[in-house]
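Novice: Here the protein sequences line up with chains G and H, keeping their order. 0 is the number of the first residue of the first sequence in numbering that gives the first Met the number 0; add one for each residue after it. 0 is the number of the first residue of the second sequence in numbering that gives the first Met the number 0; add one for each residue after it.
It is possible that some hints are incorrect.
Computed cross-link-like contacts, DMTMM-like style, restricted to lysine to aspartate or glutamate with a CA-CA straight-line distance of at most 20 Å [to be verified]:
(1) G:K321 to H:E148
(2) G:K132 to H:D157
(3) G:K276 to G:D28
(4) G:K132 to H:E148
(5) H:K121 to H:D87
(6) G:K289 to G:E266
(7) G:K246 to G:D280
(8) G:K276 to G:E186
(9) H:K182 to H:D87
(10) H:K114 to G:E91
(11) G:K246 to G:E186
(12) G:K132 to H:E89
(13) G:K200 to G:D30
(14) H:K182 to H:D157
(15) G:K132 to G:E91
(16) H:K91 to H:D157
(17) G:K48 to H:E174
(18) G:K180 to G:E190
If you're looking for bench data, these hints aren't it; they were derived computationally from the structure.
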Amino acid sequence: MIRMAITRINVGPIHPSTHGVARLVVDVDGDTIVNVEPHVGFLHRGVEKLTETRMYMQAPPYMEKLDYFAPMAYNDAYVAAVEAAMDIQPSEKAKYVRTILLELQRLASHLVSIGTLCNDLGQMFTGFMWAFKDRDIILDLLQEATGSRMFYVNMRLGGLHSELPADFEEHAITTMNYIEKRIGEYESYIEKNTVFMERMKGVGVLSSEDAKALGVTGPVLRASGINYDVRKNSPYYAYSKLYFNPKVMLQGDNFSRYKVRMMEMRESARLVKAAIKAMPDGAATGMPVKLRSPNAVNKVSVVSREVPRGECMMYLVADPQKPYRLSIRSPSMVNLAAISHIAKGARFADLFSIFGTLDVVLGCVDR
Amino acid sequence: MHMDETVDQESAEFSNAKQEMDRLVYDSLKSREVKPNAMFARLSDLTKSTGTVKKVVNWSRTNSLWPLQFGLACCAAELMDFGSSRIDAERKGYLLFRGTPRQCDVMVVAGWVTKSMVPEVKRLYEQMSKPRYVIAYGECATCGGPWWESYNIMQGIDQVLKVDVYVAGCPPRPENLFAALMKLQKKVGGVVEG
Numbered sequence: 000m001i002r003m004a005i006t007r008i009n010v011g012p013i014h015p016s017t018h019g020v021a022r023l024v025v026d027v028d029g030d031t032i033v034n035v036e037p038h039v040g041f042l043h044r045g046v047e048k049l050t051e052t053r054m055y056m057q058a059p060p061y062m063e064k065l066d067y068f069a070p071m072a073y074n075d076a077y078v079a080a081v082e083a084a085m086d087i088q089p090s091e092k093a094k095y096v097r098t099i100l101l102e103l104q105r106l107a108s109h110l111v112s113i114g115t116l117c118n119d120l121g122q123m124f125t126g127f128m129w130a131f132k133d134r135d136i137i138l139d140l141l142q143e144a145t146g147s148r149m150f151y152v153n154m155r156l157g158g159l160h161s162e163l164p165a166d167f168e169e170h171a172i173t174t175m176n177y178i179e180k181r182i183g184e185y186e187s188y189i190e191k192n193t194v195f196m197e198r199m200k201g202v203g204v205l206s207s208e209d210a211k212a213l214g215v216t217g218p219v220l221r222a223s224g225i226n227y228d229v230r231k232n233s234p235y236y237a238y239s240k241l242y243f244n245p246k247v248m249l250q251g252d253n254f255s256r257y258k259v260r261m262m263e264m265r266e267s268a269r270l271v272k273a274a275i276k277a278m279p280d281g282a283a284t285g286m287p288v289k290l291r292s293p294n295a296v297n298k299v300s301v302v303s304r305e306v307p308r309g310e311c312m313m314y315l316v317a318d319p320q321k322p323y324r325l326s327i328r329s330p331s332m333v334n335l336a337a338i339s340h341i342a343k344g345a346r347f348a349d350l351f352s353i354f355g356t357l358d359v360v361l362g363c364v365d366r
Numbered sequence: 000m001h002m003d004e005t006v007d008q009e010s011a012e013f014s015n016a017k018q019e020m021d022r023l024v025y026d027s028l029k030s031r032e033v034k035p036n037a038m039f040a041r042l043s044d045l046t047k048s049t050g051t052v053k054k055v056v057n058w059s060r061t062n063s064l065w066p067l068q069f070g071l072a073c074c075a076a077e078l079m080d081f082g083s084s085r086i087d088a089e090r091k092g093y094l095l096f097r098g099t100p101r102q103c104d105v106m107v108v109a110g111w112v113t114k115s116m117v118p119e120v121k122r123l124y125e126q127m128s129k130p131r132y133v134i135a136y137g138e139c140a141t142c143g144g145p146w147w148e149s150y151n152i153m154q155g156i157d158q159v160l161k162v163d164v165y166v167a168g169c170p171p172r173p174e175n176l177f178a179a180l181m182k183l184q185k186k187v188g189g190v191v192e193g
């Protein structure tokens, strides 16, 4: 066999398939990847430092721009950390409403993931069109509840900025029924496509030991056969009262990562309906935003949340009126680091299907 | 014997073609303006034309705006939505998002521009064919937005590039990009001075 010299290929920072501005330096031997080195920091704007100069409730708009496909999830994680620092418990109704909105956000985020994955594979633009059409329908629902299309900033200390509108529950149930029907259509369209299956099955395998060692979370971890979901392992809000199962696949390849997201979408739609049915009476509105919030009583609070891309942690060291230090554990960052392990030995063309299934958001990686 | 002749003939044709190509490249390099893409450089001379020719050129430019597939941050999510089925930008002829800057004439700067991204954005802009236009989409590209006080952010892309249309919003709705492109069309067609 003739061995070719190792070639170094630069991908990005601006590339149609990088889901943002990541730079990958890829060493290839012929067509086989020898090494991938992700370079990050092209979107760094110092979120953690900026929050130190703001009062507690001035920071949520920054948190929302971390992961712009699931803004509410990060906003919720931050507000929960502040609530923990101030010893505030959200009302029972607020817990249910947050659960519903977060699950809707998860649906919207996974739809983007699957849509862009279809786009990355080259010839499946229909999948992109379908996914974004349905995402728009869910964003309409969120707009109805919060008043905004993408950045909601609707979490308040002890609740939300307003009650749900009167006909929201009915709209949500109709939409969820529609989405459940659509998920079946997606599966029949995507999984009957030979090209898609050839590029997904058995490509980019991450074994469960490696997944544990690399510290990946979320759908990427569950696709490698490890049953770990923050919603189940340390439940918050209404997740302890609602019945659901974390979705797990055993193979750890591209296809399982895609399939776990697909199954989670179905579960989310079901969870939204169940939460609406079980919603207690009462008020969901929290404290109005004022410059002075209640003083923080706990010096350190750590909050862990299952955001669509994995486990997000907020580590907050509190001054009375503003964060002294906020550290964010971003799931995207850890999942991106795993690419240099997963892509080793794969073909160069498969790099982008692997990148697509890891579903990384660069705004969250660079912070 | 016969095969050798064919090969000779083919190689002769090949060398002729190669010489032709060399000549073309040499010609284009010899012209006063040395450009990486000589053909587009010559087409851009049409800007100096007048009368009916100018009208025809403006009309064709107005109706074939090709944006660059280039997203930076949150606003890029709305840019994707702009291309998808609800807004359906293709019905107005805007949607030919190209992966390479050499085929594009509109750059939609969607997101905050960090100091490490400035050389990349500038390079992309310089690679685009002339005449080229820039839309600053969203607060961050317009003025730095919420990151105004950050140590790593350009306070608006207009510090490095000449911007044609500004779009306000965080993020602006996809409909706003539609409006911005319609405004840009008026500018390209010479209806509005800008």
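Novice: Find the hints from earlier in the document that the structure breaks and name them by number, from lowest to highest.
Specialist: Violated hints (numbers, rising): 2, 3, 4, 5, 6, 7, 8, 10, 15, 16 and 17; every other hint is consistent with the structure.
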